[in-house]
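Asks: Going line by line, the protein sequences match chains B and Z. Okay, so the first sequence: first residue is 1 according to the numbering used here, each after it adds one. Okay, so the second sequence: first residue is 1001 according to the numbering used here, each after it adds one.
Because the hints were derived from the structure by calculation, they are not lab data. Quick caveat: nothing in here was measured; it's all calculated off a predicted structure. Warning: the hint list may mix true and false statements.
[Claimed, not checked] Quick partial rundown of chain Z residues pointing at chain B, CB under 7 Å, derived from the structure:
hint: 1; residue: K1162
hint: 2; residue: Y1301
hint: 3; residue: P1315
hint: 4; residue: Y1317
hint: 5; residue: R1318
hint: 6; residue: Y1319
Just so you know, even glycine gets a beta-carbon here, dropped at the ideal spot from N, CA and C.
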Amino acid sequence: MSTEIMTLNMGPQHPSTHGVLRLVVELDGEIVEKITPHIGYLHRGIEKLSEHRTYHQTIPLTDRMDYLAPMHNNLGYVLAVEKLLGIEVPERAQTVRVIMAELTRLKSHLVWIACHALDIGAMTVFLYAFRERELVMDIYEMVSGARMTSNFFRVGGLSKDVPEGFVPAVQNIVDTFIGHFDTYEGLLTKNTIWLQRTVGNGVISAEDAINYGLSGPPLRGSGVDFDLRRDEPYSGYEGYDFQVAVGEKGDTFDRYKCRLVEMRQSISILKQALGKLKPGPVLADEPQVCYPPKEDVYNSIEGLIHHFKIASEGFPAPEGEVYVGVENPKGELGYYLVSDGSAKPYRMRVRPPSFVNLSAIEKMAKGSMMADLVAVIGTLDIVLGEIDR
Amino acid sequence: METLILGLPVAYYIAMVAKVLVAFVFVLLTVAYATYAERKIIGHMQVRLGPMRTGWHGLLQPIADGVKLFFKEEIIPSEASKFAFLVAPLVALIPAFISFAVIPFGAPVSIGGYTVPMQIAAYYDQAGQQIFDINVGVLYILAMAGLGVYGIVLAGWSSNSKYSLLGGLRSAAQMVSYELAAGLAIVSVFMLSESLSLHKIVADQAGGIWNWYAFKQPLACVIFFICSIAEINRTPFDLPEAETELVSGFCTEYSSMKYAMFFMAEYANMVTVCAVTTTLFLGGWHGPFLPGWMWFIAKVYALIFLCMWIRATYPRYRYDQLMRLGWKVFLPLTLLNVVATGIVATLVK
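Using the sequences plus the hints, can you model the full thing?
Replies: Encoded structure:
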């Protein structure tokens, strides 16, 4: 009997390619022989756009990269600019940044567990996780006014202090989420079908993971103990006590466990951060860079001019180049900024974790079944907004 | 002397048609409201409400869905094999309904001097003593269940779409693996009842819950129900239409009423399979206090609820794992069960 390889075009409109990923898959029956990812369907030229904007004006653009973790994108960017300028951020702002970063990690991981479970056919976890995500969204809305495109961090601190009711809302998450995680684990970790679908699926060895440049849970799931929050601390992460989740076999189940442990650790970090949250300024005392307080803008002509100048002209950054990497929920999100001394970056380059992680898809899914490919897309936890930028 | 047709009074034929109508309407209504019930039940399990807008708590939703699907544009892909494409939904739908013909759904009733059994393809002799029904009723059901898959395979193949083809292939493989185990699970029931007639099988289970074959053949009961879920392509065995992999699989290219027919076939199959399980293992229509047909409906609905509950709980099997489960776990288990039943039955005698 003669057999033929079937070429299947999966995406960009496909329910489980997480946005607009397009995979050209070559199938031998149900066995995946070759995978060619095609990207670029969500390209908006964020890197190029930033060359024509002042440093502050780029922050809202970064929201739109990994739209499941907007504050983390903001954080990486402002840290890079602050490093370029050599600005120290006040302690309260740093603590709030850590709180928001960990909430963002929860938010992103909740969407991941939801979609990953749905891809493998477990529908209920999807809705449970989205219910919990709503609580994080409420906090987003509380501090920044927006549920997704937060634009909350500023070079030198925060756009404004957190409102009343912020601490109880975070406390509520700290108190209730562990129970919700137990529910997910009850539905998945102990489920025979879930185990059969994830254990031994999409395996990548530690060596391969490093060679491919993977980061985040796909790297740690393979047993590489690397987490930027601990290894190159930023925003005061060195003052928190947390454990980095590491897997062993590098299969989908290990990555799943890693992320779940990470979510539990985030709760622990949140708990510690709430204890550290002391009153104080949330913006550095750097009038050249930071916006003046709103009362001054509305009530004094000097304040208004000050605001206007920063908003329209921006601030010049010293000549040089910096790289800052932060531990985004998806992996290492890096910002590389080149400054020619003007108020706009000469070049901004983003190292998106999803892009690098996606490159390993063929390594992980080749030779497996079509259904496993879907599970691998889920376990990589990619966001196309970030891949294409 | 009244007129006889083929040796039977005319009233028998009237009763037969009436039973067909009753059963058909029952299945149709159940199918329509099973879609509603599924959305509501799973909705509440998943902390949401399900349909709420059409009618009180969305009660008119199935009708709205039907009207909408009826008026949708018919799309036939230009590269599709047209005849097979049009026939496939019918091939899927009809066997799902006609399986119901042999299922006893209530105690016999007396109308105008005649005893009428609540089973479509059955009648009593004129003395009201001896029942005649299809003496290979179970085989008939297995045959009809086997036919349903042709609709899916045809749909997958004739659509000329890669996703549909994969769905159709999966379905064929799945059907073959699970039909065998399901058939062998029923064999152990025959060995106890010593008959293939569903009437006899139900009659054997009368007189208390401990007479149910579910308790005499627990393993066969569980395996049969699981295989049935696999045969009707429901979670966790919904591979042929795996939405997240195959974008609805075999029915990707279908629209309008043809799509609705597949949808109806799926739910009608669920009703049929639950009815067969009730008949074979859960004592059929037997039960205390209430009339037989109420018990029958209650048991069938309880099983349908179980199907929906399973859907809300479990992830999906992978193709090869499903095959392994069918061939390497269920088949040997049912064979062993048959052997064990044979030994025990002989010893008891």
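Asks: Could you work out which earlier hints the structure fails to respect and list their numbers in ascending sequence?
Replies: The structure breaks only hint 2.
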